[in-house]
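K.L.:
The chain contents come next:
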Amino acid sequence: EEQLVQSGDETRKPGESLRISCEAFEYSFTSYWIGWVRQTPGEGLEWIGMIYPHDSNTIYNPTFQGQASISADKSISTAYLHWGSLRASDSGIYYCVRPYYYDSGTYYFNLWGQGSLVTVSS
Amino acid sequence: DVQMTQSPSSLSASVGDTVTISCRASRSVSTSVNWYFQREGRAPQVLIYAASTLQSGAPSTFIGSGSGTSFTLTISSLQPDDFGTYFCQQTHEVPSTFGQGTRLEI
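Sequence order for the protein chains is A and B. Each residue of the first sequence is one higher than the one before, starting from 1 at the first, in our numbering. Each residue of the second sequence is one higher than the one before, starting from 1 at the first, in our numbering.
If you're looking for bench data, these hints aren't it; they were derived computationally from the structure. Quick caveat, the model's predicted, so the values are computed rather than measured.
Interface residues of chain B toward chain A, partial, derived using beta-carbon atoms under 8 Å:
#1 Ser32
#2 Pro44
#3 Val46
#4 Val94
#5 Pro95
#6 Thr97
#7 Gln100
Partial list, computed: chain B residues near chain A (C-beta under 8 Å):
#8 Asn34
#9 Ala43
#10 Tyr49
#11 Ala50
#12 Phe87
#13 Thr91
#14 His92
#15 Ser96
#16 Phe98
#17 Gly101
We put the beta carbon where it would ideally sit given N, CA and C, even for glycine.
Sequences are here, hints too, so could you generate the full structure?
P.N.:
And the structure:
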């Protein structure tokens with residue numbers, strides 16, 4: 001069964017770094033884009049960005065670019081979301097997602113990880 | 001960014017009812033709209049993509065329609081498992097954006 005399995009919940013202080021992971025199972029990791037979505041009570045669901053593991057081509061939501069970065073390790077079928085210096089506003093549930101392209105440029109997320117809760121608090 | 005505005009933000013209904021949720025885009029997104037359902041504590045799951053195409057495995061009681069800036073999700077013959085939160089999403093432009101959600105309660 002195809003699935004995305006995320007790392008556990010994390011708590012950090014402002015200014016600390018963090019990397020969360022998403023491991024893909026039962027599909028060809030390098031054949032699909034993989035991305036991240038954040039969910040917060042205030043902003044709802046927000047698309048952060050996506051990476052194509054085959055060549056590491058990456059696209060970001062300008063809102064998140066510069067604050068968080070996406071990477072992937074093809075050898076272990078794992079995508080990452082990394083922060084160098086966390087802010088309280090980075091708190092939320094982070095989902096990794098796999099888009100399915102049904103037409104040129106248009107897609108939907110047909111596979112979701114279980115979510116990782118990130119809490120940033122002093 | 002394209003703003004996706006859902007209405008209503010919450011809705012009360014009973015088992016067996018038919019309900020309609022609306023999603024309006026701030027500019028045309030063609031038919032690049034998806035609908036997701038989320039239960040409390042779980043990840044969202046896709047119900048409808050391309051505005052009106054039912055995802056494999058989703059019940060036929062879910063019907064999506066619309067194009068351009070106006071989209072609707074109609075749920076007929078509500079079942080207990082249908083109660084939760086519904087989101088629309090546009091993937092016509094980068095960044096993709098979501099509606100704020102419609103909470104469907106018993």
